[in-house]
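**Student:** Chain by chain, the residues run as shown.
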Amino acid sequence: MRRIILRRLAQIIPLVFAVIVMNFVLIQLAPGSLFDVMTSEQQVTDPAMLNQLRKTYGVDQPTSVQLAKYIWSVVRLDLGYSYRQNAPVLDVIVEQLPATVILMLAATVIALLVGITAGVLASVKVNTIWDNLISLGAVFFFAAPSFWLGIMMTVLFAVKLGWFPVGGMRTIGSDQSALGDALDVMHHLVLPATALGLFYAATYARVMRASMLEVFRLDFVRTARAKGLSPGRVVVAHVMRNALLPIITLVGLQLGTMLGGSVVIEAVSSWPGIGSLLFDSVMSRNFPMVLGVLVLGSLLVAVCNATVDILYLRLDPRIRAR
Amino acid sequence: MSRFSRRDFLATTAGAALASRFVGSAAAAPTVTPKRGGTLIGTWGGFEPQSLFVPAGGGSSPYFTSTKVHERLIRLAVDLKFEPVLALEIKPAADFRSYTIKLRDNVTWHDGKPFTADDVVFNAMEYWKPISGGVSLDALESVEAVDRLTVVLKFKAPVPEFFLKSVLASKSGLVIPKHIYAGSNIITNPINNTPVGTGPYKVKEWVRGSHVELLRNDKYWNPGLPYIDRLVIRWWRDPASRSAAFEAGQLDIGVFNPIPMPEIARLSAGGKFIAESKGYSNSAWIATVEFNQRREIFKKREVRQALMHAIDRQFIADTIFFGRASPSIGAIHNSNSIFFTKDVQNYPFDVKKAAALLDAAGYPVKSGSRFKLSLVSAGWFEENVKMGQYLKQAFEDLDITVDLSVPDRATSLKRIYTDYDYDVAISNNSGGIELIPGTTQYYTTDGIVKGAAFRNATGYSNPKMDEIVARMTVETDEPKRIELAKDFDRLATIEAPILPMVDLEPVTIVRSDVRNHSTTADFLGESWAEVWLDR
Chain E
1 MRRIILRRLA QIIPLVFAVI VMNFVLIQLA PGSLFDVMTS EQQVTDPAML NQLRKTYGVD
61 QPTSVQLAKY IWSVVRLDLG YSYRQNAPVL DVIVEQLPAT VILMLAATVI ALLVGITAGV
121 LASVKVNTIW DNLISLGAVF FFAAPSFWLG IMMTVLFAVK LGWFPVGGMR TIGSDQSALG
181 DALDVMHHLV LPATALGLFY AATYARVMRA SMLEVFRLDF VRTARAKGLS PGRVVVAHVM
241 RNALLPIITL VGLQLGTMLG GSVVIEAVSS WPGIGSLLFD SVMSRNFPMV LGVLVLGSLL
301 VAVCNATVDI LYLRLDPRIR AR
Chain H
1 MSRFSRRDFL ATTAGAALAS RFVGSAAAAP TVTPKRGGTL IGTWGGFEPQ SLFVPAGGGS
61 SPYFTSTKVH ERLIRLAVDL KFEPVLALEI KPAADFRSYT IKLRDNVTWH DGKPFTADDV
121 VFNAMEYWKP ISGGVSLDAL ESVEAVDRLT VVLKFKAPVP EFFLKSVLAS KSGLVIPKHI
181 YAGSNIITNP INNTPVGTGP YKVKEWVRGS HVELLRNDKY WNPGLPYIDR LVIRWWRDPA
241 SRSAAFEAGQ LDIGVFNPIP MPEIARLSAG GKFIAESKGY SNSAWIATVE FNQRREIFKK
301 REVRQALMHA IDRQFIADTI FFGRASPSIG AIHNSNSIFF TKDVQNYPFD VKKAAALLDA
361 AGYPVKSGSR FKLSLVSAGW FEENVKMGQY LKQAFEDLDI TVDLSVPDRA TSLKRIYTDY
421 DYDVAISNNS GGIELIPGTT QYYTTDGIVK GAAFRNATGY SNPKMDEIVA RMTVETDEPK
481 RIELAKDFDR LATIEAPILP MVDLEPVTIV RSDVRNHSTT ADFLGESWAE VWLDR
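Quick note, the sequences are listed as chains E and H, same order.
Going letter by letter, the first sequence gives residues 1 to 322 in my numbering.
Going letter by letter, the second sequence gives residues 1 to 535 in my numbering.
These are computed hints drawn from the structure, not numbers from a lab.
Keep in mind it's a predicted model, so treat the numbers as computed, not measured.
Think of the CB as a built atom: it goes at the ideal place given N, C-alpha and C, for glycine as much as any other residue.
Possibly wrong hints are sitting among the right ones.
As the list claims (entries may be wrong) - Computed from the model, here is a short list of chain E residues facing chain H with C-beta under 7 Å:
| hint | residue |
| --- | --- |
| 1 | Pro31 |
| 2 | Glu41 |
| 3 | Met49 |
| 4 | Asn51 |
| 5 | Lys55 |
| 6 | Asn86 |
| 7 | Leu112 |
| 8 | Ala143 |
| 9 | Ala144 |
| 10 | Thr154 |
| 11 | Leu161 |
| 12 | Val236 |
| 13 | Met240 |
| 14 | Arg241 |
| 15 | Leu244 |
| 16 | Pro272 |
Stated by the list, open to error - List of simulated lysine-lysine pairs, DSS-like, C-alpha gap at most 25 Å:
| hint | chain 1 | residue 1 | chain 2 | residue 2 |
| --- | --- | --- | --- | --- |
| 17 | H | Lys102 | H | Lys204 |
| 18 | H | Lys102 | E | Lys160 |
| 19 | H | Lys450 | H | Lys464 |
| 20 | H | Lys113 | E | Lys55 |
| 21 | H | Lys204 | H | Lys113 |
| 22 | H | Lys102 | H | Lys113 |
| 23 | H | Lys129 | E | Lys55 |
| 24 | H | Lys113 | H | Lys300 |
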């Protein structure tokens with residue numbers, strides 16, 4: 001067990017290295033540079049000033065030197081300096097990452113709760129009106145673009161009904177206790193997390209339904225029923241536990257893509273997370289920031305995947321036996 | 001000479017009377033007593049700034065936030081007269097080679113230190129000239145503090161009064177504290193994220209990705225101001241979310257086209273919101289089509305003129321900009337009531353004439369096409385994308401083969417302004433009332449700087465043009481200067497290296513209980529000290 005965990009952690013190092021090199025090359029291949037964007041925004045046209053900025057931003061050096069310098073600084077746990085934000089990359093990320101993590105966790109919890117419940121319900125009531133309704137809902141939420149869903153939910157629940165705030169993470173300027181603050185954040189979290197979560201809930205519902213139906217047919221379920229267990233206990237303790245494996249796999253995989261999905265939702269509901277930061281940084285070719293987010297993102301995904309593997313070991317003893 | 005355009009005059013007499021009394025002197029009695037207090041939540045039609053204050057000129061976004069904190073010596077009111085802010089008076093010497101600036105007394109920085117002539121000397125030599133002003137302050141030779149509140153600027157050549165005042169009232173004229181910046185790299189000083197100024201609002205907290213909270217400066221030099229206790233500037237990436245925020249009562253004011261254009265009529269219909277187009281004349285935007293003079297075809301003036309006839313600018317204004325723009329007359333925005341002139345070459349929409357001109361220029365239709373061109377439409381505005389599609393159609397009606405591409409912002413900047421990799425480009429320029437250097441650099445030889453955006457990317461170079469601009473740079477007699485500006489515009493429209501398409505009319509959306517806004521020529525960059533809430 002410990003060996004497996006250590007091996008998984010060791011795999012992260014080359015992964016992060018590959019992420020750096022690949023993304024660095026990709027950003028360099030994209031036309032336009034941070035320098036172009038910054039100087040145009042600032043309307044700098046004085047040639048002397050242009051040269052001075054080129055030197056300040058370090059873009060006067062060859063690409064290979066920039067890459068080498070970057071890798072060396074990452075080795076020393078320094079993600080570099082972002083001239084665009086006028087602050088160290090790590091500071092900016094640390095400031096904005098928690099908001100995204102909260103959003104992603106809340107969306108994942110909503111996706112799992114809604115998805116698994118809907119999937120189980122559909123499989124238990126297979127081929128009834130319930131099953132059809134859930135399938136219809138799943139198709140809808142899977143197909144609806146999340147920005148549209150986000151805006152529609154805002155229009156309905158924030159503008160028309162006034163139940164939730166239209167955006168942001170906190171009520172601005174309210175000095176509250178820790179508990180009050182937490183409740184305030186949760187209040188702001190409901191709409192974006194739901195809009196983001198429902199997309200994934202749709203997938204989980206479909207996968208859970210199929211997986212449940214498969215497990216229902218297995219012999220041990222028949223045995224469980226035969227020994228007189230209540231239908232509820234059969235479903236929850238025997239079928240669900242075994243049907244959960246594919247969901248766990250999906251969650252592990254989707255934590256990475258959720259970072260991408262959160263870009264859109266963060267934009268729509270002005271959630272102060274890492275998504276819009278990443279988007280801006282790509283658009284402005286701000287490679288220290290893009291790399292910083294991706295390095296931390298890849299670490300996050302790698303750790304999540306390692307956790308999923310460990311969860312596998314707990315859920316399915318057969319894997320440990322191998 | 002009247003500094004009012006007729007349009008502005010009718011609209012602003014009432015507002016201007018109100019506004020003028022708050023600045024420095026107490027003149028006319030107010031018709032309504034302003035109320036103190038409250039929270040104003042504002043935004044603008046773009047994204048969050050990279051830093052709350054960006055020293056090197058600054059794009060619109062940091063300019064919007066930093067001007068609530070940093071002030072300038074003077075400002076330009078909506079009637080295009082300069083009003084005192086930190087300077088009480090700026091007076092030229094008889095030869096216009098030096099200017100004496102009298103500063104306001106009893107002004108303190110947000111950290112309590114006094115604002116003095118030393119600060120202005122530092123700004124002029126260490127900040128304005130080398131960093132923010134660039135070529136505008138080329139002629140500045142030395143600066144001297146005569147006493148605690150008097151500064152003298154000395155120049156190598158005569159400097160027109162309107163020009164210098166425009167520079168001081170512009171983006172590049174923000175005054176920053178010497179005691180914080182002296183000896184540091186101004187561009188990367190961490191204080192830029194929590195700027196300290198003399199302005200009516202102090203920075204309380206910036207939550208990256210969300211908003212900045214500004215609090216009333218209780219020690220502001222104008223004791224009654226600001227009226228508002230707390231100013232919150234929030235940023236949304238999505239224009240539709242901004243309209244939702246307006247409707248939900250969580251946003252009071254948005255400058256520079258905050259919401260999608262079709263939404264403007266809907267939102268302002270109920271009377272709860274007002275759509276205001278005043279307050280943009282000193283940062284006027286024009287949508288342009290630029291011709292790369294490095295291409296043999298576009299070196300020919302006749303070709304450029306012919307294509308001008310091929311474009312229906314009224315259609316662009318009405319359909320693409322939903323009427324929030326008007327067809328350009330010349331190179332100068334029509335809201336510039338000082339230098340604007342109608343007495344220029346005009347090009348009515350006439351496809352037949354365009355075709356005849358192209359035939360005459362030596363480009364008849366051969367096997368279905370006259371020639372092929374690559375059209376690059378800078379994708380930073382949604383309207384540019386649509387203009388690209390329209391222009392492709394319009395040029396194809398003349399049997400020109402068009403290869404349209406709409407790159408993202410960084411790529412557009414590189415293709416148009418660094419690599420010159422285009423035949424025809426759709427771009428935008430913004431300029432102040434003063435034409436030098438903002439507007440003129442699109443046409444002059446010294447405006448050709450590889451890698452410098454929003455300058456002469458076409459490569460157009462004409463000694464006659466350079467001479468007019470050079471004379472305008474040192475002409476201190478105002479009426480003569482205006483004549484030179486008209487010469488400039490006439491030559492620019494005849495030569496047509498850049499085709500001005502439409503003059504944009506940006507819109508401010510504001511709740512009807514927000515009072516006394518849009519009173520200066522550059523409202524996006526105003527301190528908002530005089531805005532108050534009638535709640």
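**Student:** Decide, hint by hint, whether the structure agrees.
**Tutor:** Right, here's what the structure says about each hint:
no. : hint                : in the structure
1   : Pro31               : 4 Å, holds
2   : Glu41               : 4 Å, holds
3   : Met49               : 6 Å, holds
4   : Asn51               : 10 Å, violated
5   : Lys55               : 11 Å, violated
6   : Asn86               : 4 Å, holds
7   : Leu112              : 26 Å, violated
8   : Ala143              : 20 Å, violated
9   : Ala144              : 15 Å, violated
10  : Thr154              : 5 Å, holds
11  : Leu161              : 10 Å, violated
12  : Val236              : 41 Å, violated
13  : Met240              : 38 Å, violated
14  : Arg241              : 40 Å, violated
15  : Leu244              : 35 Å, violated
16  : Pro272              : 3 Å, holds
17  : Lys102/H - Lys204/H : 31 Å, violated
18  : Lys102/H - Lys160/E : 54 Å, violated
19  : Lys450/H - Lys464/H : 22 Å, holds
20  : Lys113/H - Lys55/E  : 34 Å, violated
21  : Lys204/H - Lys113/H : 18 Å, holds
22  : Lys102/H - Lys113/H : 19 Å, holds
23  : Lys129/H - Lys55/E  : 19 Å, holds
24  : Lys113/H - Lys300/H : 60 Å, violated
Going through the hint list in order, the structure does not satisfy hints 4, 5, 7, 8, 9, 11, 12, 13, 14, 15, 17, 18, 20 and 24.
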